[in-house]
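Number of protein chains: 6
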Amino acid sequence: MKVVTFGEIMLRLAPFGYLRFLQEPSFQATFGGGEANVAVSLSNFGIDTKFVTKLPNNDIALGCVRELNKYGVDTSSISFGGDRMGIYFLEKGASMRGSKVIYDRKYSSISMAKKEDFDWDTILNDCTLFHFTGITPAISDSLAEITLEAVKTAKKKGITVSCDLNYRKKLWSKEKANKVMSSLMPYVDICIANEEDAQDVFNISANADLNAGKLDRGRYESVAKQLVDMFNFKKVAITLRESISANDNNWGAMIYSNGVANYSKTYSIRIVDRVGGGDSFGAGLIYSLLNNYSDKDAIEFAAAASALKQTIEGDFSLISVNEVESLVSGNIGGRVQR
Amino acid sequence: MKVVTFGEIMLRLAPFGYLRFLQEPSFQATFGGGEANVAVSLSNFGIDTKFVTKLPNNDIALGCVRELNKYGVDTSSISFGGDRMGIYFLEKGASMRGSKVIYDRKYSSISMAKKEDFDWDTILNDCTLFHFTGITPAISDSLAEITLEAVKTAKKKGITVSCDLNYRKKLWSKEKANKVMSSLMPYVDICIANEEDAQDVFNISANADLNAGKLDRGRYESVAKQLVDMFNFKKVAITLRESISANDNNWGAMIYSNGVANYSKTYSIRIVDRVGGGDSFGAGLIYSLLNNYSDKDAIEFAAAASALKQTIEGDFSLISVNEVESLVSGNIGGRVQR
Amino acid sequence: MKVVTFGEIMLRLAPFGYLRFLQEPSFQATFGGGEANVAVSLSNFGIDTKFVTKLPNNDIALGCVRELNKYGVDTSSISFGGDRMGIYFLEKGASMRGSKVIYDRKYSSISMAKKEDFDWDTILNDCTLFHFTGITPAISDSLAEITLEAVKTAKKKGITVSCDLNYRKKLWSKEKANKVMSSLMPYVDICIANEEDAQDVFNISANADLNAGKLDRGRYESVAKQLVDMFNFKKVAITLRESISANDNNWGAMIYSNGVANYSKTYSIRIVDRVGGGDSFGAGLIYSLLNNYSDKDAIEFAAAASALKQTIEGDFSLISVNEVESLVSGNIGGRVQR
Amino acid sequence: MKVVTFGEIMLRLAPFGYLRFLQEPSFQATFGGGEANVAVSLSNFGIDTKFVTKLPNNDIALGCVRELNKYGVDTSSISFGGDRMGIYFLEKGASMRGSKVIYDRKYSSISMAKKEDFDWDTILNDCTLFHFTGITPAISDSLAEITLEAVKTAKKKGITVSCDLNYRKKLWSKEKANKVMSSLMPYVDICIANEEDAQDVFNISANADLNAGKLDRGRYESVAKQLVDMFNFKKVAITLRESISANDNNWGAMIYSNGVANYSKTYSIRIVDRVGGGDSFGAGLIYSLLNNYSDKDAIEFAAAASALKQTIEGDFSLISVNEVESLVSGNIGGRVQR
Amino acid sequence: MKVVTFGEIMLRLAPFGYLRFLQEPSFQATFGGGEANVAVSLSNFGIDTKFVTKLPNNDIALGCVRELNKYGVDTSSISFGGDRMGIYFLEKGASMRGSKVIYDRKYSSISMAKKEDFDWDTILNDCTLFHFTGITPAISDSLAEITLEAVKTAKKKGITVSCDLNYRKKLWSKEKANKVMSSLMPYVDICIANEEDAQDVFNISANADLNAGKLDRGRYESVAKQLVDMFNFKKVAITLRESISANDNNWGAMIYSNGVANYSKTYSIRIVDRVGGGDSFGAGLIYSLLNNYSDKDAIEFAAAASALKQTIEGDFSLISVNEVESLVSGNIGGRVQR
Amino acid sequence: MKVVTFGEIMLRLAPFGYLRFLQEPSFQATFGGGEANVAVSLSNFGIDTKFVTKLPNNDIALGCVRELNKYGVDTSSISFGGDRMGIYFLEKGASMRGSKVIYDRKYSSISMAKKEDFDWDTILNDCTLFHFTGITPAISDSLAEITLEAVKTAKKKGITVSCDLNYRKKLWSKEKANKVMSSLMPYVDICIANEEDAQDVFNISANADLNAGKLDRGRYESVAKQLVDMFNFKKVAITLRESISANDNNWGAMIYSNGVANYSKTYSIRIVDRVGGGDSFGAGLIYSLLNNYSDKDAIEFAAAASALKQTIEGDFSLISVNEVESLVSGNIGGRVQR
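Order-wise, the sequence lines are chains A, F, L, E, H and Y. Those letters in the first sequence? Residues 103 to 440, per the numbering used here, in order. Those letters in the second sequence? Residues 103 to 440, per the numbering used here, in order. Those letters in the third sequence? Residues 103 to 440, per the numbering used here, in order. Those letters in the fourth sequence? Residues 103 to 440, per the numbering used here, in order. Those letters in the fifth sequence? Residues 103 to 440, per the numbering used here, in order. Those letters in the sixth sequence? Residues 103 to 440, per the numbering used here, in order.
The following block holds chain A by itself, in its conformation from the complex (with noise of 0.2 Å):
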């Protein structure tokens, strides 16, 4: 079993504790991005995993393909070259005040990356699933005519394909997105959303009050059953987040398929960083899928999985099976573990 993700991966800079940006003078250092969260959560599930991007030849790329290494994500068909490496600055939000993102990963490398950068035959060796996210495609146009040339050879070689919309309103328009997306939907068999992505990709309606954070859980079906008429996924997973502050989240999730929604518990979250809480969720998803779960138990074990990387600081979750499955089984009242 191999999963392999394609997509971008930046520096992370972000101001300590609660501070707001440079007031103080000092960023922590970490890196992230959708794929490159998803591939190192399974790797420390004990998945095998590999990470495709395109990464510039300096020391902060090194550093970057250094903490991947760490995690034991396979980093050997990263593409090298182009000038810079995509970088977002994140400040940490608390109480009323939303957590804060600054993109700085226009003309990264790998937005500029090109066709012959990835030969996906040779990639893709080996492998059980690829996943990406909505956030690929939207980069650049070369990128998302390259993850439409990935997921074709994944498809070829009878790979699944995992597909997270993510939908970022600043790489691309709706109608942009809708096009992209609807050409690349056809390849993809586990589509992961949220209710927002589904509207704002593809235009399925939920009416949600989203800014008052209230969960409706009798609306996700029909948005599940929207996608799954549209494209004919296998299986459709939403996951629900209730924002209730910075610093309070409800998360749950639910994952639909053959007509049949299993929905998660609801955890009530004290965050320590929601970044990549999606992510998690996707890496969980694909661990019970890949192990057979269970609709039931897949849903309870992603999101587990997902809610206990919020309580954890930077992109990526270090998360055990072993704490996923005790989260699970019912302990949820964070008692010392001596």
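One thing to keep in mind: the hints can contain errors.
A pair holds if it fits inside one copy or across any two, identical chains being indistinguishable in the list.
Listed below are the simulated SDA-like cross-link pairs for lysine to any residue, each with C-alpha atoms no more than 20 Å apart in a straight line [stated by the list, open to error]:
hint	residue 1	residue 2
1	Lys208	Ser242
2	Lys202	Glu425
3	Lys202	Ser428
4	Lys104	Asn171
5	Lys172	Arg122
6	Lys208	Gln439
7	Lys202	Asp161
It is worth saying that the hints were derived from the structure and are not from the lab.
Could you slot chains F, L, E, H and Y onto chain A? The hints should help.
What follows is chains F, L, E, H and Y alone, placed relative to chain A:
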């Protein structure tokens, strides 16, 4: 439009995080003081501001001036001389353990300032609004006199005067506060207070059980009305803090003018740093009034501005008008802004 | 009045903030251990204390001794020799992710101590109360014997003996704990426990669903009564922790003597560091009893003291009598003390 | 007297201490760039300064503006827009391991600036001296044109123009540098250079073995004379750095005008941060000339100012005129000033 | 053997590393003061010590007392009361930039202490040696009187008295120093000084060019002899510092008694923190004399002890007798001790 | 080409900067050990490496494995089990105060490893060179036997064996070292040593005054020749360290083979961290030999590599081949690389 504020700014020394004093051998070193906080907050709202004080001739004071300049506050009327800069030590509380303040402000340059240190006629040139708090006259007899001269000059020049009562029991007795503040109030147009201040300084009864943190909105109008009756203020604004714990406060405000009270929404704040909350309220109020907001809009703006301040480290409110307006418009969920 | 405590003190290595082990390459390095924590806490209450242990002859142990001296604990009866000091690694949990403890205490100097390392007759000179926990005899057979000698000597000298059961499953089996503790209990006057300890060590049934964190006050009297019936304790004190999450705990306590149970108020604690909570409870109880508090006053003092501890970083409780009394008197709102 | 400087200011990200890039997950985050450094240094000498650049509309750029304001630099002519702010990563060297710079400045707002972003006639109002370095025109063709417009406008207004050659091989070829700089030099009055710059840009030969770090004072007059002969500069100042190791440098300077060379003392510097050393020299020189120092006094002031800079962390020189004068007067022993 | 020292201890606030004041918003917070430094150093040598001062009743002073207790210094004779604790700000110099001290010690509790705060007869019970420095009587007239009472009491009890002249020009004039110190010296047995002190306080000429940092050993005997002739000291010890730069000092010492001078080796010190160097010299000397070392052995011990101090952060000398003896025996190469 | 190294890796706990042990309550936490250091350094040179050891099953060991993976070291042959991971505490020296190491490595998993923990035939598959140091057999009798089995297996497989004598007096006596090492040396091809090691282990006389730090190149050939005569090594490499102070060392090396000695240049190093210097020398030597460098080129490469290591924090050498080659080619001036 230019706002001039006058008072003491201190070096603020605080242990990191929730450490007790000297539990580890380091302090965060920032600056703060009621009137300086108002000036910085207003400057961050785009208003021209000048802060007036007296500081010693040394590098610590130079660091303070630079910090004020960093946020665009005009420091050209600061008087230099004297022995020392006031210091306050702040230990951040958690849960039922309250924050602790140790003042080391005695003998500061500003406390020993003399009338000739400030030429109010020049200082208040081009000034639209002059702001001080009850701390300034409390610091020393000399400062009380200087404050009186300042408000008299302001009045002569037709400048609006605002005052935050801010009673500090370590600086003077209730009797003295009553006497001095009563002499200053006739020059004040806008009075900011909380219920305790009104009681401590002007013996206006409210019967609040403050330690229990219960709010009783009904009572606040009576306090405001009594204040107006006493001193003929144009407007009285009262902040309402319900202290559930050092981490969790409920926060709202009321404005009273022409016999009508307007209440803001109440915010449930997960506290990052509550010091300076009242000052950022004053700044929000002044901003609103300078921009001719209705009372209702003004009190919402001021309450939201000060709620946001309490999610930020340090005395200074590093909040933009856009951020306040977004909160006022209902974005309370602390969602990530990408 | 002098209190002597006996046990192991360890170097405590904890990642900063909510970081997982080695997520960043640094540790906070403090010291802690059940009996040392009690000594420090009592010393901060103004009681003369002596802590007895065995430490190696190196600079890490010297640092430990200095830290104890810093808080006024008499270290003159510490025995020196052996190979190493025990270490424990602590990862602070958040939300549903519990804190994690890794012990590296095997082969410590104290675990290999011999009878001749401690001359109890001299050590207990002028001693009013001797305190140990169930951890000490669990560490090694040799320590169990030494502890027995200590309590016998104490008894002979008419010294009050208190013991916190503190069962540690990694140190010994329930069977062994039962056997050894049963031999020590006849010398104990005051027994401190939680419900799990009573069950694990003495097989006293309580049927609590601990992971669910539910409290059932009714049951605790039965546990206490059974303990008294077994060993004829003068008093039994039981702490009641409801673990809602790693960040939020409810905390209270009960004392039982002469057939009567007294319960403290329950505190909702936003946890800063819960390690040492039980030890600070023990210290609060000992303080109260040495000062002849009534059972009701004693349990309130002990519960408040230990609630406050959990708002402080580190094993050691840095709380004054005044602060405990203020909380007992109802100041739970965490308001700023200026 | 007002000095205007024009160029790029970058976010500077540097590992703490002597750590290599990403050896630990954090960066010190300050700002720097040749012309901004000159402005800050002059402002710290009490000169009115304005810094002109183009920055994106985001909080990182806002942090940069605040940092410039902190030191009193006028930022009112900064143009806003474009995609990003330039970044440079700096790893501090030690001993024989040199410091390492990674530029991530491509596609910055300033590099893509257009003529209409800067109204030089207005910007240079009240300006006494205009300063730029060879980095500015190297950044892009557009910037080279804008620089030409700036110096032409300056000339028209009778403003003195100073330029530090500062050749950067990663930004342009020697050939291009020669062509562009040759078109700008006719408008320059004061030229600052080191021997390598003169060689790289204008092919003026010096035969120095720079890696060996040997100085040969004799040769510098010839370089200066050739520069004057080429462009008719009023004054040429050359800095002389002998790099013994990353920690130890010898540092001095020479000024040449009217056919006469004046040399400063040579300082043996234990380096704290050598970046910005040349810029602080430029600032020292400009200060001296604006104050009509003799060439001898000017070169001593500039050399001392820049030697002191290299004992300070960061690009910015936080040195007062008094401190420079004290060093010039011979206080080289680094004694404690109480 | 017990040594009592008397003077002011201050909170020491220093930027981290080589940062200038407030270049970053934090301070290292430790404690220091000439006589406290001597007490701590002696305590670390295994000598019983007591430090006498006056401190305010607050948590900062409590932190100070704890720090003294940490190193075993008896704090039971400290008087409590008054307004504040003295503070000094310390900026560490590098290369030709000297360290900078800003005193904020005016109005401290000790400076306003009164005779009745100290019962010298009791304080000096069991005391073998009483130590003070010229800073103590310089702080205030009242302290000068109290110091006189202390030395008179010491004399009456047959206690040896040592004094480090330590002239501080910011505290008093040379004239006043001369007058007050002349009244105290008749009670002093051992006088510690450097050449500048002798000149400033007693107008003993030495013609040293101190800024140039040149040492001329020949002259020191003459200074010592003049001091002995004036006040009949049993021993005079003079420290010899050659300040090459803020990072590199040469350091040695001389002792003179019975007409004979003994010189120590000279150490080339790479400075970590030179503050407290003289105090650790005093401690080394007192230790040696209490242990009846020969003059030659004493001066070698004292010089080595103080050289080692300057490789340690903070005012306090954390050096053991073994470490000093190893250096005295010739281990100057700084090799790793495994 | 693949290099396998075998030995103990420890958690390294070091105070920040030049602080003494526990002067502040934190440690830098990294990993190190002679053979692991060699593996990491070689991996950073682009060589495939595998590190073999035994570690306990806990998160601290997991952190260690991740750190090795970060630098590309194959950890798949590490055996898991046992009680604990070895720890060493390191206090960095300054000037004449030497660095101090406290070992807490007794009872580590590796020290109690058994033969069956390592299947050398499999482990050494594809291995080109096997490396160990004299520390490994010193740790325990069991490890000495395992090491013997390893080198015998290596020999059988025709693998080159290198050994760094690395005598540690705290681990065994000279007599035991002599006996055990003498049994291992017949299987060793390349011997790395310094003069003290040769003396301590094999009683080869050199008469060096090591504390005085004097080098006498003449003598080293005789030491090398005696080693070759004893054990028929193909090559002997000797490192030459002159310890001027903890901050300043001179460093060079010699290689001896076929009766001919080749010396490297000598480097004057301003030490950042000298721990691991010898290991990085070993790695440099192995790299050179694997790449068939001449003896002269090999010793220059190894000396330069290890000189550079000592300018880097931590045990691990984070140096690339390019950087070493640049230094070898004469770039010793530490100039900025832009």
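Let me make sure I understand: some of the numbered hints might not hold for this structure. Which ones are they, in numerical order? Violated hints: none; all satisfied.
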